[in-house]
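Undergrad: Just so you know, the protein sequences line up as chains A and B, in that order. If you're matching positions, the first sequence starts at 1 in UniProt numbering and goes up one per residue. If you're matching positions, the second sequence starts at 1 in UniProt numbering and goes up one per residue.
There may be inaccurate statements among the hints.
Only pairs whose alpha carbons sit at most 25 Å apart, straight line, appear in this in silico SDA-like list of lysine to any residue [said to hold, decoys possible]: (1) K549(A) / S93(B); (2) K549(A) / D90(B); (3) K552(A) / G99(B); (4) K549(A) / T100(B); (5) K549(A) / P101(B); (6) K552(A) / T100(B); (7) K3(A) / T100(B); (8) K549(A) / I96(B); (9) K305(A) / G48(A); (10) K5(A) / T100(B); (11) K5(A) / P101(B); (12) K549(A) / R82(B); (13) K5(A) / G99(B); (14) K552(A) / P101(B); (15) K549(A) / G99(B).
The set of hints was computed from the structure by calculation and includes no laboratory data. Note that the structure is predicted; figures quoted are calculated from it, not measured.
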Amino acid sequence: MMKLKNGSGRVAGVAVVEPTSNPPDGFSPHTRCPNENTGVYSENYGPGLAHCNTTKWNPLGNGLSYEEFDFPIFSMKDDNDTQLIRQCYMDHNRPVNGSHPQYPLCAMQLSSHMSAVTNTPTCMRRNSISFSMSNDMVCDPLSDQNIWAPSKPLNTTQNGHKADESVIIVSARLDSRSFFSEIGPGAESAASGLITLLAAAHALRNATQDAQLDRTIFYTFFHGETFDYIGSSKMVYDMEKNQFPIDLDNVHSVLEIGQVGFYSSSNLWLHTDPISMRNSSIQKEVKNLIDNLNSAAEGLNVSVKEPDVTQPLPPSSFQRFLRARPFPGVVIEDYNSSFSNKYFQSMFDNADSLNVLYPPNLTPAEQLNHVTDTAKSLAEVATMVARALFLQAGGKKTQISSIKADELTVSRMLYSFLISSNNSWTQEIVAPKDIVHLNNNTVNFYISVEQQASLPTILAKYLLANLTGSVVNVTQENCRNQKESEDDKESKHLYNYIWVQGAALPNSTERDGFCVRSTVHWSRAISPAFELENYTTSEYSTWTESRWKEIKGRIFLVASHDLEMLTLGVGIGVLLSSLLLTYIMSSKADILFSSGREPTSATY
Amino acid sequence: MNLERLPNEEKLTLCRKYYLGGFALLPFLWLVNVVWFFKEAFMKPPFTEQTLIKTYVKRSALGLLFWVTVLTTWITIYQHFRAQWGEVGDYLSFTIPLGTP
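This is chain A alone, in the form it adopts within the complex:
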């Protein structure tokens, strides 16, 4: 691709046929050091660790996604239409016996006109210039929603510091990307951590309700982390500005679940930040958290290790919390010094690369319930995380053996995110208005812009609500109005009520819906740069997406240049001869059209 970009300028467009199997050597179009400028490491904080000086996290990265190309690049599935294109080339464009192919030749036209140019400050400025009559928007900021849920109800309508609340934030990321915007399978980079956290929250449901815990666990899912930490920077910003139900003083520690899909072939690694650990109280807390993780791993098939060299934190949302102030925190990953994911942020990071394989000859319904090995290992990680969180929140060690993640739920989640999001299980737990967004393909984890309802957000929202909440006996109308009975005015501050579609009744198209009460909430995930209207800032993400006109492509046969010139020449000749004829006829008009009458005099 770089050769095509830097070539002679005779490349007008590129059409890429998607391979059916992943390249064995790995491929990552992301950079070698993801999010290196918006993390916590800089000249002021750990200068020797900044810009991946000690270890390159993504060694296979070739930075292709961040190059500028002057021509459109389309991707095509290897199906009948692509075969048609190949056939057209074979029939018309192939040189025969070393001589040039003859006209008519097969040509392709690719249209993907993008309205925005140059950079974000330019396109945002052009968005708001109201001098011209047509107020067309040129680009939009990347944004979506962060999903979060406390393990016990908090008053969410009141923002700012909550007295006597000590919160453990456990987070995962909701997004990924690839070189092409419509494809973003993100199996290891996003789905593995996301599913593990959902399973851990599910495992802790009963334990957090039964036991009285000192600290509240805050399950958080950040969107837009691929593009310089959009979601986590927004949440930290809101907490600093007292626009969030808790603030940074309430946060006790942070546990982040990164990429954990390849755990079964390696260990789990617990990454910490060496700079903040120089403070002895932070170091004590981190040791405490690591001890809890080790205790949780006892008796399970999980082995956890810490890296034995001083190295920075891998790219993680926790870095944005550290930018605000030092916190104790641990990032769980399945790699030590560089990603074990060979296809980071590429279109090959799919079910195949994660080894989510189903035996052949299974119906979709059977595949949904089939427990793969990957599901088993993710369930183990989830069990460990859940038990560690229980201990960290002040629970007793004797009670942790009953906390266990459900392998079947994990398998179903893997199926829903990686194979097909429209299946019998998701149809039961999603609200009727969002059923239309489910489709039969793998979920696209790209964040996109606010107008698009993002499928990972929808799925995470309903999964978290159903897995951590409880079914309550409330009418549909009360449920939709966020109350449990007619006079209830308090519940809407603490809980969130969702009416979901439910199971299909036998012999009928109707569904037996029910009301789910949970503590799930969502907040806008847009970079603070767009709220502050400072588009040249290097502190926050400033990614935007251009608006476009219709995207289409077509193939057709073109005639030779000589034929075109001939047609043009004949046309000009007809024009000139008709002009000549008209002139001759008008000058001899009186001879040709004489009818014996005097011509009338013209008046002006």
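Got chain A; can you put chain B on it based on the hints?
TA: Chain B only, in chain A's frame:
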């Protein structure tokens, strides 16, 4: 309007009106003056008012030349450098093309 039918004094007044009107930042009036009265000023046999008409036509042509150079220079500079001027270029423009810098 057919100039053949006008008496010479009226031709002179018309030419003067167009000449003076062009000073109100209307170079097209000078263009019309030059094209319309060219035959009258230089190709017809001499008549009394012709000297004045000649001066008006010559001065109109001069003014027209000045305007043409100024506008051509500005338009060339603007079209060439608008993209590089960034913010200033955008605020000067009435419509900004999509898809090109």
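Undergrad: Which numbered hints does this structure break?
TA: Checked against the structure, no hint fails, so every one of them is satisfied.
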